[in-house]
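Chains as they are written, first to last, in the numbering used here: chain P, 1 to 321; chain U, 1 to 499; chain F, 1 to 374.
Hints listed in this document are in silico derivations from the structure and should not be mistaken for laboratory results.
Using N, Cα and C, we set each Cβ at its ideal position, and we do this for glycine too.
Careful: at least some of the hints might be erroneous.
Computed cross-link-like contacts, SDA-like style, restricted to lysine to any residue with a CA-CA straight-line distance of at most 25 Å [what the hints assert, rightly or not]:
1. K188/F <-> P319/F
2. K143/P <-> K187/F
3. K187/F <-> P165/P
4. K264/P <-> N121/U
5. K257/F <-> K264/P
6. K166/F <-> L289/P
7. K257/F <-> D232/F
8. K191/U <-> N144/U
9. K199/F <-> A174/F
Pairwise CB distance ranges, derived in the manner of DEER restraints [said to hold, decoys possible]:
10. E368/F <-> F298/P: 47 to 57 Å
11. E368/F <-> G247/P: 21 to 31 Å
12. G247/P <-> D230/F: 24 to 34 Å
13. E9/U <-> R120/P: 32 to 42 Å
14. R120/P <-> S146/U: 34 to 44 Å
15. K321/U <-> E209/P: 52 to 62 Å
16. I7/F <-> H14/U: 37 to 47 Å
17. G68/P <-> K108/U: 47 to 57 Å
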Amino acid sequence: MNETISRFKRSKYFGYALLFGLALFFWAFFKILSPHNFGTSKLMANYLQTSIQYAVGGCGFYFIVVMGLFDMSIGANIVLSSLVGVLLSRQFGYYGLIFGCLLCGTLIGSFNGFLYTRLRIPSMIVTVGLMLVLESVAAYVVKLDPAGFPGKLTDPNILAFNHAPWNYIVAVSAFLLMAFILRFTKLGTYFNAIGSNEFVAKAMGINVEKYKFIGFVLLHFFVGIMALLTVSYGKGMLAVTGMESMGRNFKPLMGTFFGVAFKKYGMPVSAIVIGEFIITLIFNGLVALNVPTTINDFVTGAVLLIIVTLTNRGARGSVVK
Amino acid sequence: MKEVVLRSENVNKHFGITHAVKDVSLEFYRGEVHGLIGENGSGKSTYCSMLSGIHSISSGRFILEGKELHVKSLVEANMNGISIVVQEMGTLSGLTVAENIFLGREHKFMHGFIKDTAQMNRETQQLLDSYGLNRINASTVIDNYSFEDRKLIEIVKATYFEPLVVTIDETTTALSQKGREELFKIIEHLKETNKTVIFISHDLSEVLAHTDRISVLRDGALVKTVNSNEVDADELKRLMVGRELDNRYYRTDYDGTVSDEVVLSVSNLSVPGEFEDISFDLHQGEILGIGGLSECGMHELGKAIFGGSYDRTGSVLLPRKGLEITSIPEAIKHGIAYTSKDRDNESIVLAINIADNITLPSLDILAKKRVLKKKELHAFAQSHADRMSVRMTGIKQYVFDLSGGNKQKVVLARWLGRDSDIFVLDSPTRGIDVKVKADIYALMSELKERGKSIIMISEEILELIGMSDRILIMKNGKFNGTFTRSVALTEEDLIAKMV
Amino acid sequence: MKKAMMILFSVILVSSLLFAGGAGEKASTAKPLIGVSIWSSTDTLGSQVKRMLDAAAKALDVDVMYVDQGHISERVTASAETLVAAGVDGFIICNSASAEMTSVINTANRNKVYTAQFFRVIDPVANPNEHALAVASPYYVGSVHEDEVDNGINLVRILCEKGNRKIALEGWEAGDATFLLRWEGYKKGIELWNAENPKDKAVLLDPQYGGTTSDTGRATAEAIINANPDIDALIVSGGGGDTLVGALAAIESLGLKGKIDVVSTDFLADLDEQLATGGMAAESGGHFCDPLFAFMMVYNAIKGNYKVPTDGYYEILFPYLYVASSEDYNAYAKYFVDELPYNAAELREMANMSFDQLKAAAERLSIEDVISRR
Chain P
1 MNETISRFKR SKYFGYALLF GLALFFWAFF KILSPHNFGT SKLMANYLQT SIQYAVGGCG
61 FYFIVVMGLF DMSIGANIVL SSLVGVLLSR QFGYYGLIFG CLLCGTLIGS FNGFLYTRLR
121 IPSMIVTVGL MLVLESVAAY VVKLDPAGFP GKLTDPNILA FNHAPWNYIV AVSAFLLMAF
181 ILRFTKLGTY FNAIGSNEFV AKAMGINVEK YKFIGFVLLH FFVGIMALLT VSYGKGMLAV
241 TGMESMGRNF KPLMGTFFGV AFKKYGMPVS AIVIGEFIIT LIFNGLVALN VPTTINDFVT
301 GAVLLIIVTL TNRGARGSVV K
Chain U
1 MKEVVLRSEN VNKHFGITHA VKDVSLEFYR GEVHGLIGEN GSGKSTYCSM LSGIHSISSG
61 RFILEGKELH VKSLVEANMN GISIVVQEMG TLSGLTVAEN IFLGREHKFM HGFIKDTAQM
121 NRETQQLLDS YGLNRINAST VIDNYSFEDR KLIEIVKATY FEPLVVTIDE TTTALSQKGR
181 EELFKIIEHL KETNKTVIFI SHDLSEVLAH TDRISVLRDG ALVKTVNSNE VDADELKRLM
241 VGRELDNRYY RTDYDGTVSD EVVLSVSNLS VPGEFEDISF DLHQGEILGI GGLSECGMHE
301 LGKAIFGGSY DRTGSVLLPR KGLEITSIPE AIKHGIAYTS KDRDNESIVL AINIADNITL
361 PSLDILAKKR VLKKKELHAF AQSHADRMSV RMTGIKQYVF DLSGGNKQKV VLARWLGRDS
421 DIFVLDSPTR GIDVKVKADI YALMSELKER GKSIIMISEE ILELIGMSDR ILIMKNGKFN
481 GTFTRSVALT EEDLIAKMV
Chain F
1 MKKAMMILFS VILVSSLLFA GGAGEKASTA KPLIGVSIWS STDTLGSQVK RMLDAAAKAL
61 DVDVMYVDQG HISERVTASA ETLVAAGVDG FIICNSASAE MTSVINTANR NKVYTAQFFR
121 VIDPVANPNE HALAVASPYY VGSVHEDEVD NGINLVRILC EKGNRKIALE GWEAGDATFL
181 LRWEGYKKGI ELWNAENPKD KAVLLDPQYG GTTSDTGRAT AEAIINANPD IDALIVSGGG
241 GDTLVGALAA IESLGLKGKI DVVSTDFLAD LDEQLATGGM AAESGGHFCD PLFAFMMVYN
301 AIKGNYKVPT DGYYEILFPY LYVASSEDYN AYAKYFVDEL PYNAAELREM ANMSFDQLKA
361 AAERLSIEDV ISRR
């Protein structure tokens, strides 16, 4: 009996039970406090729709976070890739929008990966510098837009990704792609191996530099997908400077934390998606209770800290970085 | 005539000034289980690491089936039919059991760039079942398994592809009785299928029971190779130590003057999984040696005394002050110093300079009204560095530039600066040349004369005999013997209690 | 490889220095250089402002330099220093909170550089210290601003007259000076309506904040509507226009276009379509010319035509245009979107006006006014 329980506690079913349990807990909490304006099936679908773009970014972030790396420039990439997509859409319609976002994202990832593996400076530092560069480039790109309202998707014929079903199709495709990469290619294994013990991974013949580079490319490819969803969601993008784009890093990152926390159950993709959904659930629940946005941010941050602490707390006295 | 499958010819390995393996020439027969024994630091693990591609060879060569072996990594060694089960943890967290076993060898399951995970899991499960490990699930993340199970998985990883030569390096200490039985079954199977096993262990009875021949290394050199059925444990011990006590460095006094006053009292101290129920007293002016095999728990004991173990039970008391030490800050505040065996990671801060290292635990005393005066700090550090004769370009030199011996001197200078009364020195002369060793022994004698007390934890038997007033021997986490300083004390006496 | 990287970085560094030098080439010309400190020169409202100011600069042969500060306090104060360091003769500024004006005015005084506010004014009651500093400064020329409270009252009245009784409110940033004034107006509008119609009261919900980007605007609007499915109107208070874009996207995605009346104070790129299809009920705006008048004040101060008093400052109250139908919008679009309400000749004439004439020109700006000049 003990062995069965022990086995269950190690399995992905336990991981799912935990995640769904958390979602249910928060749903029940807000539903009791605000029964009429929270958590109906229609509203839950709305919450899901809001959360999926961040989940896509969270999936991309996972590839490098699991290797112990970080990237501060993904917010700037979202802005730049969105604006490139909008600019190209003026002439090439959907093709311009889609390929502009994805190609720009991927190129930025290649650039980031190249600089990081060549300069051998900590990834956080390299990517802060890149963030500033990308913001400046985005500010320049928006000036190239000939439209009266630059950076805006004003043509109603190019807004398929603004709503269901196409936004779901894109997001789910991204999730399936990530699951495929992790499960059916060497990449997932090698990313985990490098994150676990880079020295041993090298000793196993893994080309660590190569896979770190690939991690950055994949991250920013997914960020390109997120840019496509974000620019469609908001019908445009605003170029910002002065590191303001950094604010865009954190919502996807929160999903990534869920992915890392639940990695041990072998279900990071699901954890990211459900995790982002839980965060959106909390945000909407607090709005339903008329809690101001400032308090909302505080509560969301606190909940995230609690969840990550409970699932990933190190032993007392262990070195935590 | 038995066929030689592997031999080494004059293999040497240098780590800086340390000559870890000296001209070792050995032969291994096909289908034999060959024991490799020696004291800590005798070169056994280093020898096998070179064979497995983990370390490079300084000179000499390995010949496998008549061809010279050139391997630069574990994967290359595997491809040539050599594998090793290392002493430390050799599996990676975050990966499944199947991913760990086939790490670096996924090509078998690749169709283009797509990995057939289901096939990999199936084959892994079959392997595990064939090894009698059907309780382990191939698709489960390895973090969910105990250290012992992970070791067994590692053994499967090292042996499933039928390598010609398998090294098992001090693995049995990580296993329970059941685990050991499973391991020996695997070794038996390898032997039956004409594979060669190099078996490294400190457990001489185990080595005698499960090997065909035994080679003894001492100080990096081969002493002798014997047939297992022609020797006993005592003979092996004699072969392992067999040297005269060299008293060039050590104390020459044997009058046994140790005060009755107890300065440190350890009572029923335990750390789960490391050591259990340890009690002893340390007297003023005493050098108390604690010895044993690497994994006997003595290193963890030193840390625990200093307050560095968070799951410790029992007590560490300072009777003179009527205090109990429960944390590192308390230990430092009340005059306890500590040097770790892992000098570079736990004793010294490599990325700062000598002055900062020396003044580190004394800043609260040196900072007047919370303002630190650089000039005063440097003068303080300089005086103690000079006292220890640290070879440096200046007090602002970065510590990572220093040799191992000088780093250790910096660590000791730090505690001299703090004027500690009790020193817990773990492997104080590890990896250090003879000159610096002599300096450190001289310092220990001086401290003793000044009434300071020292707990010296060491894997070097000669050092224990040469420097200690009293020696406590640990085995499997408990005390197993006590010796008082005496001219007649021999290494065999200590080893008998260690193994 | 390292060598190549070093060469690349050196090239980037030198290029950026050259560009920076180019930006500050004022020293080699006699043209006045006027700076513009704005939250964003690329969002909906910001890009319109830039379009107007660029036209004025071209007409008057003036160089203009923009700094985007995102309405973040430390960046607002830093923008003044940046512009002064770049060698401007004067600058106009849209600050976020009035507290920033202490630093801004001190910078202007210290460097003898003229400054004026646009879209903003310092409240003498709420910010007496800043107000006193502005009054006494020989370099604080004045402010051009709208009657935000009145604007708020008018928008609420429009909504109530259209039959809306439960009105949600989406701001952009908590504590923003303009938002606080507009909110005061909305609340007053509700009070007035309820006093006049005690049996048919309206209610205004507490604000949620949607930032200044369209995706955050949408997410917040969706949350508001999800939490309050029975609202019949939404005020998107401002934020440069992108917040409104997002809010409208939210309403459309929830299938509520035409069911929730939306009013705002920033004109949209597709306002005509939104008005025609019921996406928008009304909009107050057209105030992108406000900064033009601040620009003219600073220009004339630089030229010495306006003497800046040290016991007061120049103030222009700028009118909002209200657009509540496609017909309204068509007229607006012709003179304010497709063209600019002032052509080059009119801008040059404006630059020669006395302050009273300038003030009068600002106060009479309307669609009819533009028609009369053409």
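Legend entry - K264/P paired with N121/U [C-alpha distance capped at 25 Å]: 17 Å, holds
Legend entry - 25 Å limit on alpha-carbon distance, applied to hinted pair K257/F and K264/P: This hinted pair is violated, its Cα atoms lying about 45 Å apart.
Inset, instruction - Would you check the hint for K166/F and L289/P, treating anything up to 25 Å between C-alpha atoms as holding? - result: 17 Å, holds
Inset, instruction - Mind checking the hinted window 24 to 34 Å against the Cβ distance between G247/P and D230/F? - result: 32 Å, holds
Inset, instruction - Quickly compare the C-alpha distance for K143/P and K187/F to 25 Å and report which way the hint goes. - result: Judged against 25 Å, a Cα distance of about 39 Å means the pair is violated.
Inset, instruction - Sort out whether A174/F lies within 25 Å of K199/F, counting only the CA atoms. - result: 33 Å, violated
Inset, instruction - Decide if the proposed pair is consistent with the structure: K188/F and P319/F, CA atoms, cutoff 25 Å inclusive. - result: 19 Å, holds
Legend entry - Satisfaction of the hinted span 47 to 57 Å by the C-beta atoms belonging to G68/P and K108/U: 28 Å, violated
Inset, instruction - Could you tell me whether the CB distance from E368/F to G247/P stays inside 21 to 31 Å? - result: 43 Å, violated
Inset, instruction - Evaluate the given range 47 to 57 Å for the C-beta pair formed by E368/F and F298/P. - result: For F298/P against E368/F, whose Cβ atoms are near 50 Å apart, the range 47 to 57 Å holds.
Legend entry - Range hint 52 to 62 Å (beta carbons of K321/U and E209/P) holds or violated: Holds, at about 55 Å.
Legend entry - Beta-carbon spacing of R120/P to S146/U - inside the hinted bounds 34 to 44 Å or not: Since the Cβ atoms of R120/P and S146/U sit about 37 Å apart, the hinted range of 34 to 44 Å holds.
The earlier numbered hints that this structure contradicts are 2, 3, 5, 8, 9, 11 and 17.
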